[in-house]
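Can you make the complete structure from the sequences, with help from the hints?
Take a look at the letters that make up each chain.
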Amino acid sequence: MSMRSLIRGALVVFTLLTLITGVLYPLAMTGVAQALFPQQANGSQLVVDGQVVGSTLIGQPFADPAYFWGRLSATAPFAYNSAAASGSNLGALNPARSAAAAARVAALQSADPANSAPIPIDLVTASGSGLDPHISPAAALYQVERVARARGLSPELVRQLVEQHTEGRQLGILGEPRVNVLLLNRALDALTAAPAAER
Amino acid sequence: MQWQSYTQLALYLGLLLVCVKPLGAYMARVYSDQPFGLDRLLAPVERGIYRLAGVERKAEMGWKTYAGAVLVFNLLGLLVVYLLQRIQQWLPLNPAQLPAVTADSAFNTAISFASNTNWQGYSGETSLSYLTQMAGLGVQNFLSAATGMAVLVALIRGLSRQSVRTLGNFWVDLTRSTLYILLPLACVVTLLLVSQGVVQSFDPYQSATLLQPTTSSDGTPVTQQVLPLGPAASQIAIKQLGTNGGGFFGVNSAHPFENPTPLSNLVEMLAILLIPAALCYTFGVMVGDRRQGWAVLAAMTLIFVAFMALSVAAEQQAPPLESGAPLATAATPLQAGGNMEGKETRFGIANSALWATATTAASNGSVNSMHDAYTPLGGMVPMVLMQLGEVVYGGVGSGLYGMLTFAIIAVFVAGLMVGRTPEYLGKKIETFEMKMAALIILIPCVTVLLATALAVSTDAGRATVANPGPHGFSEILYAASSAGNNNGSAFAGLGANTPFYNMLLGLAMLSARYWLIVPTLALAGALVRKQRVPTGAGTLPTHTPLFVGLLIGVVLIVGALTFIPALALGPIVEQLML
Numbered sequence: 001m002s003m004r005s006l007i008r009g010a011l012v013v014f015t016l017l018t019l020i021t022g023v024l025y026p027l028a029m030t031g032v033a034q035a036l037f038p039q040q041a042n043g044s045q046l047v048v049d050g051q052v053v054g055s056t057l058i059g060q061p062f063a064d065p066a067y068f069w070g071r072l073s074a075t076a077p078f079a080y081n082s083a084a085a086s087g088s089n090l091g092a093l094n095p096a097r098s099a100a101a102a103a104r105v106a107a108l109q110s111a112d113p114a115n116s117a118p119i120p121i122d123l124v125t126a127s128g129s130g131l132d133p134h135i136s137p138a139a140a141l142y143q144v145e146r147v148a149r150a151r152g153l154s155p156e157l158v159r160q161l162v163e164q165h166t167e168g169r170q171l172g173i174l175g176e177p178r179v180n181v182l183l184l185n186r187a188l189d190a191l192t193a194a195p196a197a198e199r
Numbered sequence: 001m002q003w004q005s006y007t008q009l010a011l012y013l014g015l016l017l018v019c020v021k022p023l024g025a026y027m028a029r030v031y032s033d034q035p036f037g038l039d040r041l042l043a044p045v046e047r048g049i050y051r052l053a054g055v056e057r058k059a060e061m062g063w064k065t066y067a068g069a070v071l072v073f074n075l076l077g078l079l080v081v082y083l084l085q086r087i088q089q090w091l092p093l094n095p096a097q098l099p100a101v102t103a104d105s106a107f108n109t110a111i112s113f114a115s116n117t118n119w120q121g122y123s124g125e126t127s128l129s130y131l132t133q134m135a136g137l138g139v140q141n142f143l144s145a146a147t148g149m150a151v152l153v154a155l156i157r158g159l160s161r162q163s164v165r166t167l168g169n170f171w172v173d174l175t176r177s178t179l180y181i182l183l184p185l186a187c188v189v190t191l192l193l194v195s196q197g198v199v200q201s202f203d204p205y206q207s208a209t210l211l212q213p214t215t216s217s218d219g220t221p222v223t224q225q226v227l228p229l230g231p232a233a234s235q236i237a238i239k240q241l242g243t244n245g246g247g248f249f250g251v252n253s254a255h256p257f258e259n260p261t262p263l264s265n266l267v268e269m270l271a272i273l274l275i276p277a278a279l280c281y282t283f284g285v286m287v288g289d290r291r292q293g294w295a296v297l298a299a300m301t302l303i304f305v306a307f308m309a310l311s312v313a314a315e316q317q318a319p320p321l322e323s324g325a326p327l328a329t330a331a332t333p334l335q336a337g338g339n340m341e342g343k344e345t346r347f348g349i350a351n352s353a354l355w356a357t358a359t360t361a362a363s364n365g366s367v368n369s370m371h372d373a374y375t376p377l378g379g380m381v382p383m384v385l386m387q388l389g390e391v392v393y394g395g396v397g398s399g400l401y402g403m404l405t406f407a408i409i410a411v412f413v414a415g416l417m418v419g420r421t422p423e424y425l426g427k428k429i430e431t432f433e434m435k436m437a438a439l440i441i442l443i444p445c446v447t448v449l450l451a452t453a454l455a456v457s458t459d460a461g462r463a464t465v466a467n468p469g470p471h472g473f474s475e476i477l478y479a480a481s482s483a484g485n486n487n488g489s490a491f492a493g494l495g496a497n498t499p500f501y502n503m504l505l506g507l508a509m510l511s512a513r514y515w516l517i518v519p520t521l522a523l524a525g526a527l528v529r530k531q532r533v534p535t536g537a538g539t540l541p542t543h544t545p546l547f548v549g550l551l552i553g554v555v556l557i558v559g560a561l562t563f564i565p566a567l568a569l570g571p572i573v574e575q576l577m578l
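Just so you know, the protein sequences line up as chains A and B, in that order.
Quick note: the first sequence uses the numbering used here, first residue 1, plus one each step.
Quick note: the second sequence uses the numbering used here, first residue 1, plus one each step.
Hints in this document: simulated from the structure, not taken from any laboratory.
Please read these numbers as outputs of a predicted model, since none were measured by experiment.
C-beta atoms are modelled at their ideal positions from N, C-alpha and C, and glycine is treated no differently.
Take these hints with a grain of salt, some might be off.
Stated by the list, open to error - Label pairs and their in silico Cβ distance ranges:
1. 332(B) / 47(A): 35 to 45 angstroms
2. 83(A) / 56(B): 50 to 60 angstroms
3. 31(A) / 44(B): 15 to 25 angstroms
4. 192(A) / 45(B): 56 to 66 angstroms
5. 193(A) / 333(B): 46 to 56 angstroms
6. 432(B) / 31(A): 20 to 30 angstroms
7. 95(B) / 168(A): 31 to 41 angstroms
8. 168(A) / 56(B): 51 to 61 angstroms
9. 168(A) / 209(B): 25 to 35 angstroms
10. 160(A) / 468(B): 41 to 51 angstroms
11. 36(A) / 557(B): 47 to 57 angstroms
12. 565(B) / 155(A): 54 to 64 angstroms
What the hints assert, rightly or not - Chain B side only, calculated, beta carbon under 7 angstroms to chain A, not exhaustive:
13. 178
14. 539
15. 543
So, in structure tokens, the structure goes:
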């Protein structure tokens with residue numbers, strides 16, 4: 001086989017396969033995805049009164065004692081910056097890891113000095129993406145008393161809300177049980193806004 | 001650990017092994033030119049490609065022509081990816097108006113994607129336009145994988161044919177791998193992923209109002225969040241299936257838009273090992289002895305299970321944190337516990353550690369948790385799996401041709417021990433074959449150790465290390481192991497988007513890919529000319545548990561002898577310091 005036919009083969013096969021896999025394939029997949037799963041394909045957006053207020057899949061930063069707090073986030077220049085997802089990438093022995101955990105512990109304790117329960121590990125560690133929308137049910141239950149006090153609600157009511165927002169393992173087996181922090185906090189706001197008689 | 005964790009690990013392995021036979025048999029039909037259903041639908045496309053390219057479908061190639069075609073084709077792909085990155089600011093489908101990528105980063109990324117490594121020095125959402133992602137990287141995800149499969153098929157033909165000089169036609173093997181295997185699987189996986197919430201859209205980034213406003217580190221108030229979009233699902237499907245691993249987003253499959261649910265996670269993990277595992281069966285069918293394929297698969301699976309168990313056990317231990325309060329780190333029905341730094345709540349420990357094992361056993365390199373934040377032993381597992389040469393399933397095609405090379409070494413070692421003439425599948429293993437096999441085994445080892453030595457002994461190499469102490473050395477060793485074995489995963493703390501690392505790791509990826517492909521094809525070219533000698537009383541059977549054990553032993557001993565000194569300076573000493 002001559003060099004010329006080799007190069008012709010390479011050029012033509014490359015161009016045609018580029019058209020198929022680089023243009024037709026993503027365009028066709030976008031078309032089908034938009035037709036079958038428009039909500040998911042566009043980022044699972046939460047829309048309230050015509051305004052996009054987040055995504056059910058992307059976490060948001062919370063520091064108010066009246067809200068449940070999510071995982072630590074290592075994104076810059078602010079936590080849960082979804083334009084620049086990032087983990088902390090701190091090694092197991094890195095003192096910065098203890099420092100970040102200590103800062104979170106101090107914040108949790110100053111917002112809820114009476115709570116002496118052990119703190120669930122996911123509340124003092126940063127997620128891989130920095131955008132984790134979830135915390136473990138243990139981490140949510142740990143915060144119930146504080147949130148209830150800050151909102152003047154009964155802890156029982158807040159605990160029920162947490163349980164309603166706890167997702168089990170998918171298909172009963174996959175993944176870990178979890179609570180979506182943004183959805184839980186929005187439900188809290190809705191509950192607090194409702195007249196007391198309806199609570 | 002909760003019992004559900006064990007069930008999930010078993011479910012994963014079970015599903016994977018169930019798929020091996022049907023997919024493997026299907027691929028054997030694709031490569032042996034037998035009807036398989038889909039060919040009726042897509043045959044006109046295939047024929048059209050050959051006609052326009054002037055390819056004579058039945059014209060076969062000797063190993064040198066085959067290798068020439070591989071190299072010319074890959075060089076072309078490399079140049080196109082480089083060019084696309086350098087001129088993306090003038091091209092369409094760039095809604096975020098991203099500028100041209102710097103020359104050294106573009107060089108690194110072009111090699112990375114052409115060589116099936118998909119090391120990412122850049123962060124996708126902040127540096128590449130939709131067009132670059134789709135027509136540059138997305139295409140290479142298909143074509144680099146198809147290249148690996150074609151080279152493997154050539155090697156298998158070298159073993160199964162006798163007394164001829166040709167190994168098949170590269171254009172045909174490449175086109176059929178793409179059209180009939182990768183593309184249909186990718187379509188199915190894409191739609192599964194979108195149904196779970198992976199984005200697939202050409203809309204510009206969406207902005208969303210935060211429920212509780214926050215402040216930036218410079219004190220400015222922040223009220224909005226950006227929801228990044230793009231044609232992600234279609235690219236993620238093939239990056240998993242083609243053992244590419246280059247994420248659409250910077251944090252790869254830890255990103256909720258890239259891997260939103262435990263089900264999407266299962267699909268993506270299965271896609272990592274699906275084709276490499278099934279190719280073992282394809283190999284068995286094509287050499288006319290399925291037991292040979294099962295034996296190789298058994299060796300891979302045994303190594304995999306051992307490392308998976310070590311990884312999960314290591315990560316279930318939370319390293320001590322001086323946080324000033326008691327922490328709950330045990331697994332309970334209400335939390336995964338363990339080392340949650342760098343891991344997502346929805347995946348917990350089991351699914352993160354399983355992914356880390358699978359992605360480095362295969363030459364995938366995608367991540368759903370940050371390996372840099374693993375415990376020292378947990379982080380050593382992916383490192384060692386890469387250093388073993390990416391042969392435990394390995395990359396699509398490349399994993400099995402690496403493992404077959406180890407099989408040749410194993411029969412040679414066995415031959416030395418008992419004084420038999422080494423032969424594999426009836427082919428006598430002689431000096432030339434052993435030279436090529438030794439090259440294939442040694443080149444990645446030398447590449448990894450040299451690159452590590454260069455980086456730790458220069459200021460440019462040490463400047464961007466993120467963690468102090470032995471972990472900093474681990475970051476460099478991990479990067480070199482990843483590039484030198486075409487994996488692409490990272491201890492992401494290392495600032496690798498510098499001219500020094502872009503060049504060093506770029507060259508490492510080049511040598512690890514093409515310096516192996518050429519000797520592999522030379523090996524195939526030598527084997528295909530030999531006659532298959534009939535098995536006799538003196539033949540070492542290569543489908544028995546004894547041979548599986550021997551093969552595992554050779555893989556582990558070569559890896560251990562080469563890398564234990566380096567590992568002792570990194571993860572091992574770090575574990576002792578805990």
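Does the structure break any of the earlier hints, and which numbers would those be? 5, 6, 14 and 15
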